[in-house]
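A.B. asks: One letter stands for each residue in the lines below.
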Amino acid sequence: MNHPRPEEWLLYMEGDVSAQDKARLFQHLKECPDCSAELAGWRRSVQKLERLADQDQTRTTARHLKRSFAVTTVVRWAVAAAIVLYVGFTLGRLSIRPGASERVIAERVREEVRGQLRNDLLAAIDPNRKAQEDFQKQLREGFKGALDDAVKGTAQSTGIAVDTLQLVHQQLDEHQRRLLELITTVRNQQIADYVSLRRDLETAVSAADTDLQENSVRLNELADTVADTVVTIRNE
Amino acid sequence: MTDEQAMWRVQMQDDHVAFARLLERWQGPIRNLCARMTGDVHRGEDIAQEAFARVFAKRKEFRPEAKFSTWLWRIALNLCYDELRRRTRRNECSLSAERSDEEVSAEKLSEEPAPDQRLVSGEECELVRQALVHLPEIQRAALVLRYCDGLKLREIAEILQIPETTAASRIAAGLSQITRVLEPQLGKKTN
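If you read the protein sequences in the order shown, they are chains A and B. The first sequence begins at 0 in numbering that gives the first Met the number 0 and counts up by one. The second sequence begins at 0 in numbering that gives the first Met the number 0 and counts up by one.
Keep in mind the hints are simulated off the structure, nothing from the lab. Note that beta-carbon positions come from the ideal geometry of N, C-alpha and C, so glycine has one too. Please note that the accuracy of each hint is not assured.
Said to hold, decoys possible - DMTMM-like, lysine to aspartate or glutamate: derived pairs with alpha carbons at most 20 Å apart: (1) K59/B x E140/A; (2) K151/B x E201/A; (3) K136/A x D13/B; (4) K151/A x E60/B; (5) K143/A x E125/B; (6) K151/A x E44/B; (7) K143/A x D148/B; (8) K59/B x D147/A; (9) K59/B x D148/A; (10) K151/B x D147/A; (11) K151/B x E13/A; (12) K136/A x D45/B; (13) K151/A x D45/B; (14) K151/B x D148/A; (15) K136/A x E44/B; (16) K151/B x E7/A.
Unchecked claim - FRET-style restraints, in silico, Cβ to Cβ: (17) V16/B x Q56/A: 21 to 29 Å; (18) L90/A x D45/B: 48 to 56 Å; (19) L126/B x S35/A: 23 to 31 Å; (20) V16/B x L164/A: 36 to 44 Å; (21) Q19/A x R153/B: 17 to 25 Å; (22) Q188/A x R62/B: 39 to 47 Å.
Model the full assembly from the supplied sequences, consistent with the hints where possible.
C.D. replies: Here you go:
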């Protein structure tokens with residue numbers, strides 16, 4: 000019996016097959032107890048994995064709820080305590096008519112007590128707040144560090160890029176100058192060669208011309224000699 | 000604000016507020032993924048933090064046309080793989096996700112099922128966690144992303160940078176293997 004591939008069973012289980020394939024696979028399940036048992040086992044495992052995910056999600060939600068609840072409670076307590084302190088101080092001071100400096104001191108003490116109370120309540124009710132603050136502090140420091148490194152790196156890269164660019168320009172100028180020198184040298188050489196060649200040609204032409212003239216004179220002389228000889232033979 | 004909009008702000012303006020939003024939205028799922036992949040809740044939290052630190056450090060590398068979640072899942076998974084390789088080299092094996100006092104007390108705020116049901120549910124989840132840890136990493140990642148994080152086949156293929164057919168094949172192989180491990184322990188119970 001030809002069994003369908005595991006990927007086909009997965010898509011069948013998730014309802015992601017064509018009607019034709021669905022019918023074919025369904026027919027196979029009716030005829031093959033092994034594939035049927037395997038698929039049933041898969042479905043049970045999927046349910047267990049989904050239950051695991053639900054439990055983790057519940058845990059995460061509970062953690063959030065607990066933190067929000069704790070913070071809300073703390074805030075309420077802190078506000079209540081601050082109100083009590085303020086009212087207490089105010090009533091106390093009203094009866095004594097304090098001077099300006101005493102009012103300032105009273106205000107500072109109220110602020111300090113409020114702050115201290117808030118911190119103590121937070122620490123008492125939410126022991127993980129410190130861990131959360133530490134984590135946030137680490138994260139902030141990490142971000143700041145990464146940001147500083149990025150800025151430094153950027154500045155450094157920019158500096159290096161500028162230096163490199165200047166160096167490249169200098170080298171380019173140097174190469175250009177050398178190239179120009181080379182071209183000039185080659186050109187001068189070419190001119191000198193041309194002049195020399197022309198001179199040689201002129202000399203050769205001149206020599207050839209002289210030879211031609213000499214040959215021409217000889218030919219004329221020869222012609223005269225031949226003519227004289229012909230005349231002599233005729234006369235004889 | 001979508002993930003991609005928030006990430007754009009983080010990338011262009013180093014916007015910490017936008018980053019905090021992303022953190023708030025994704026730290027739960029990423030922490031769960033890391034815990035399931037490593038089989039260790041506390042180590043999973045460390046790795047999740049590391050994942051977000053890496054996201055911020057590599058913010059300039061994020062391509063605007065890409066999906067943020069895919070990139071984040073991939074970073075977290077790679078860190079999990081690194082951790083598992085380190086453990087293999089050190090010959091360590093963390094099989095159980097020990098529950099902290101916080102996790103136990105947190106359950107008190109949720110709806111409380113009957114005591115025997117809660118025990119069974121807790122035991123079963125623990126066994127499933129252990130079974131996951133015994134799977135090969137590639138099958139574990141595929142199963143966790145599909146059935147614990149609810150991602151589609153196409154998304155899983157994108158995260159793992161494999162074809163969809165390969166992703167399907169890994170999930171199928173993972174299901175076969177985890178079924179073979181769990182059925183003898185838990186029997187053929189269903190919901």
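A.B. asks: Could you run down the list of hints and mark each one as holding or not?
C.D. replies: A quick look at each hint next to the structure:
no. : hint                       : in the structure
1   : K59/B x E140/A             : holds (19 Å)
2   : K151/B x E201/A            : violated (93 Å)
3   : K136/A x D13/B             : holds (17 Å)
4   : K151/A x E60/B             : holds (18 Å)
5   : K143/A x E125/B            : violated (39 Å)
6   : K151/A x E44/B             : violated (30 Å)
7   : K143/A x D148/B            : violated (31 Å)
8   : K59/B x D147/A             : holds (14 Å)
9   : K59/B x D148/A             : holds (13 Å)
10  : K151/B x D147/A            : violated (39 Å)
11  : K151/B x E13/A             : holds (11 Å)
12  : K136/A x D45/B             : holds (15 Å)
13  : K151/A x D45/B             : violated (28 Å)
14  : K151/B x D148/A            : violated (38 Å)
15  : K136/A x E44/B             : holds (16 Å)
16  : K151/B x E7/A              : holds (16 Å)
17  : V16/B x Q56/A: 21 to 29 Å  : holds (26 Å)
18  : L90/A x D45/B: 48 to 56 Å  : holds (52 Å)
19  : L126/B x S35/A: 23 to 31 Å : holds (25 Å)
20  : V16/B x L164/A: 36 to 44 Å : holds (38 Å)
21  : Q19/A x R153/B: 17 to 25 Å : holds (22 Å)
22  : Q188/A x R62/B: 39 to 47 Å : violated (58 Å)
In summary, the structure is inconsistent with hints 2, 5, 6, 7, 10, 13, 14, 22 from the numbered list given earlier, while agreeing with the others.
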